[in-house]
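J.: Each protein sequence line maps, in turn, to chains C and Y.
For what it's worth, this note's numbering labels the leading residue of the first sequence as 56, then goes sequentially.
For what it's worth, this note's numbering labels the leading residue of the second sequence as 56, then goes sequentially.
Since the hints were derived computationally from the structure, they do not count as laboratory data.
Among these hints, one or two may not hold up.
Simulated pairs of lysine to any residue, SDA-like, Cα-Cα distance not exceeding 25 Å [stated by the list, open to error]:
| no. | chain 1 | residue 1 | chain 2 | residue 2 |
| --- | --- | --- | --- | --- |
| 1 | Y | Lys392 | Y | His335 |
| 2 | Y | Lys392 | C | Thr221 |
| 3 | C | Lys392 | Y | Lys63 |
| 4 | Y | Lys392 | C | Asp269 |
| 5 | C | Lys392 | Y | Asp269 |
| 6 | Y | Lys392 | C | Glu225 |
| 7 | Y | Lys392 | Y | Pro380 |
| 8 | Y | Lys392 | Y | Ala352 |
| 9 | Y | Lys63 | Y | Thr221 |
2 protein chains.
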Amino acid sequence: MTISETPKLVRALQGDIFERPPVWFMRQAGRSLPEYHELRAQAPDFIAFCHNPEMAAEATLQPMRRFAFDAAIVFADILLLPRALGQEVWFETGEGPRLGALPSLEALEGEIGASTGRLSSVGETLQRVREVLEPERTLIGFAGGPWTVATYMIEGRGGERAAARTRAVEDPRMVDRLIAILVEATAHYLVMQVRTGAQVLQIFESWAENLAEDDFDRLVTQPHARLIARLRALGVDTPVIGFPRGAGALVEGYATAAGVRGVGLDVQAPAALGRRLQSHVTIQGALDPILLRAGGAALDRRIDTLIEQWSAGPYIFNLGHGVLPDTPVAHITQAVKRVTGR
Amino acid sequence: MTISETPKLVRALQGDIFERPPVWFMRQAGRSLPEYHELRAQAPDFIAFCHNPEMAAEATLQPMRRFAFDAAIVFADILLLPRALGQEVWFETGEGPRLGALPSLEALEGEIGASTGRLSSVGETLQRVREVLEPERTLIGFAGGPWTVATYMIEGRGGERAAARTRAVEDPRMVDRLIAILVEATAHYLVMQVRTGAQVLQIFESWAENLAEDDFDRLVTQPHARLIARLRALGVDTPVIGFPRGAGALVEGYATAAGVRGVGLDVQAPAALGRRLQSHVTIQGALDPILLRAGGAALDRRIDTLIEQWSAGPYIFNLGHGVLPDTPVAHITQAVKRVTGR
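Here chain C stands alone, though its shape is the one from the complex (with noise of 0.2 Å):
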C-alpha cells in the first residue's frame, strides 16, 4: 500500500496531521441504532450474539452505512476473554454483566494456550467486516484492559471497584498474577485479530479511575507496556491505541511509558494537556457523549472547540466515553458531519 492509500485514520496514528481529523465513536454499533435493536431480537442472548461472526459483522457495519465514520471496531465485548479462560459469564438485561465464581489462577493460566481458538469467532467477525469494508476506512480490533478485566473477575460485575482495589492492596501478589494471566492471554488474542484484519488496535482501560500514581502505575502503565512488548514479540507492529478512561492527570505518565501509539482521552481532558502528549503520541477523544445525546448548537461549538484546540497535532475525533444508548441517531449524523464537513 503506498502512502496515499494507507487510511486516514491509520495515518494519524503514524503522526500525520489533518485540518479535519479522522472519526470514529467508541460504541458507535450497537444500543443507539433501530437496525441494532432487530438484529440482536434474533439472537436475544448478548454472549452468543458476540460470538456469531455473521451477526456480529453486521452490527459493526451498521453505523458504517449511515455515518462517515473513519473506522469500524469490531463488535465483541471485553468479556468474551475472560469466558474464554474458563470463567463463566452472561449478562442480565438492564443490569449488566455477570461473572461466575473465579477460577484458581492455575486453572486460568492452564486456559491461555486454548483461549484464543475460543474466540475465534471474532476473527470470523474481522474477515467478514474487512472483506466488505472500503479500503478508506480503518478496522479497530480490540480488548480490554488487563486491570479492567481483573476488576470484573474478581468482583463478578461492574460497580464501584472497591473489591478489586481492596484486593490489589492486600493480595498484591495474586492480582499481580492475575494480571500477569490476561497479559499473555490478551496479547495471543490481539495477535488474532490483527491476522484476520484488524488494522488499529484499542485497548479499553474503562476503569483506570481512582489509583494512586504508584497503583496506576504497576496495575496500568505497566502491564501495558508489557502486553505491547509481547505483542511485538509475537511479530505485530500494529498501532495500539490505549485509553484509561479516569486516569486524569495520570495519562501523562501513561503516554509515554506505556508503549501506545495512540492515547485516548475522557471528557474530561483538558485541551493543554492534551497538546503536551500531542509531542509523544496521537490523542483521541474527548466529546461528552451527553453532549451528543443533547444535540443542537452546543454540540457544533464544542466540536470545533475540540477540533480548534487539538488539530494542529495528530488528533482522532472521538467520545470521551461511548454513545449513550438513547442518543438520537440525528444528532451523531449532525456531529460526524461537523467533524467531517461533509
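Chain Y: place on chain C using the hints.
T.: Chain Y in isolation, oriented as in the chain C frame:
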C-alpha cells in the same frame, strides 16, 4: 495571636513548610469509631443528630481524643443547606441521602435569607468545640461545593449524576441559576461558621469528576471563585481549602483560578502535579483510604512516599477521600503516628 501561637494547619495554609506536615483525615469523625456508634444510638435520625449541638460537638471531638490530629472538622452534612433552603432531605439507612422534589428556583431564592438562621445549630456546635479544643488545633468549618449540592438537589440522591450533567447541558440557565442561589446561601452559611469559631473552611466538591473542561470551569471553578469573592466582600478572609474530587488534570486550572488558599487532592494526584500546585497553593491529601483500611507495612511506605514527595512545599497530610466506615481504629493510630513521628 503571635506567629508561634498560630496553629500548625493554619500556618501550612499561609505557606509555611514543615518537615512533618500537619494532619487530619476527612471523615475522621463518624462511623469508623465505636464511640460514635454509641452516641448515634441515642439519636437515630441523622439530620436531628447533626442539628443537635451537644451531640455533634461530641462527635467532632471523639477523634481528637484518640488521635494526634492537627484539626477538628465540625460534624455536619453538606445536605443541611438544601434542607435549610426548603427541600426535603432524609437518610435511608445503608442507602445514603434522599431528597424530595426540587422546589422552584423562586422558592429557593426566597429562602436564602432565612437559611443561615436554620443552620444556627452548626454554629453552636462550632462554639462548643472551640471552647474545649486545644489552641494548637485548628477548627475547620465546611460546606458542599455548589455543583455537588446542585447534583443532589436535581437527582434527589447520590449516584451517577447523569441527570444533573444532562440538565447542565440541556437547561444551562436553570442550573446556572440554581448554582448562583447555592453560592449566595453557602457564603452566608460559611460566614456564620467563621463567626462561631471556624478558622479554616473547606469546600467539598465531591462530584467534580466527568466534566469537560468548559463545564468544569462553569460549574466548579467559577462558582468557587464567586463564593470566595462573596466571603471576602462579607468581611471574611479565612483561608479556604477547595476539594474538587475527581477533577483529574483540571485541578491545575482550578488551583490558580478558584481563589482558594489550599487544594485537596484525591488519591490519583501524581507527585509532579502536586509539586507544581505548591508554587501557588498549599496542597492537602492524598492517601488512599483503602490503604488506610488495609494497614500494614504498605501503609507506612505510602505515607513516607507522600511526605517525601510533597514536604518540600506547603502540605497538609490527609486522605484522598473519606475514612472508610470499616477502617480499624488501630490503622488510623498507625497512620497518624507515622505522619507525626510521635
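J.: Look at each hint and say if it fits the structure.
T.: Hints versus structure:
1. The straight-line distance between the Cα atoms of Lys392/Y and His335/Y is roughly 29 Å, outside the 25 Å bound, and the hint therefore fails.
2. Distance restraint check for Lys392/Y and Thr221/C: the Cα-Cα separation of roughly 23 Å lies within the 25 Å cut-off, and the hinted pair is therefore satisfied.
3. Taken as a hint, the Lys392/C and Lys63/Y pair is broken in the structure, with Cα atoms around 58 Å apart against an allowance of 25 Å.
4. With a CA separation close to 22 Å, the supplied pair Lys392/Y and Asp269/C stays within the 25 Å bound.
5. Between Lys392/C and Asp269/Y the CA atoms are separated by roughly 23 Å; this keeps the pair inside 25 Å, and the hint holds.
6. A distance of roughly 21 Å separates the Cα atoms of Lys392/Y and Glu225/C; the hinted pair therefore holds under the 25 Å criterion.
7. Proposed proximity of Lys392/Y and Pro380/Y is supported: the alpha carbons are some 20 Å apart, at most 25 Å.
8. About 13 Å separates the Cα atoms of Lys392/Y and Ala352/Y, which keeps this hinted pair within 25 Å; it holds.
9. For a cut-off of 25 Å, the pair hint linking Lys63/Y to Thr221/Y is broken: about 43 Å separates their Cα positions.
In summary, the structure is inconsistent with hints 1, 3 and 9 from the numbered list given earlier, while agreeing with the others.
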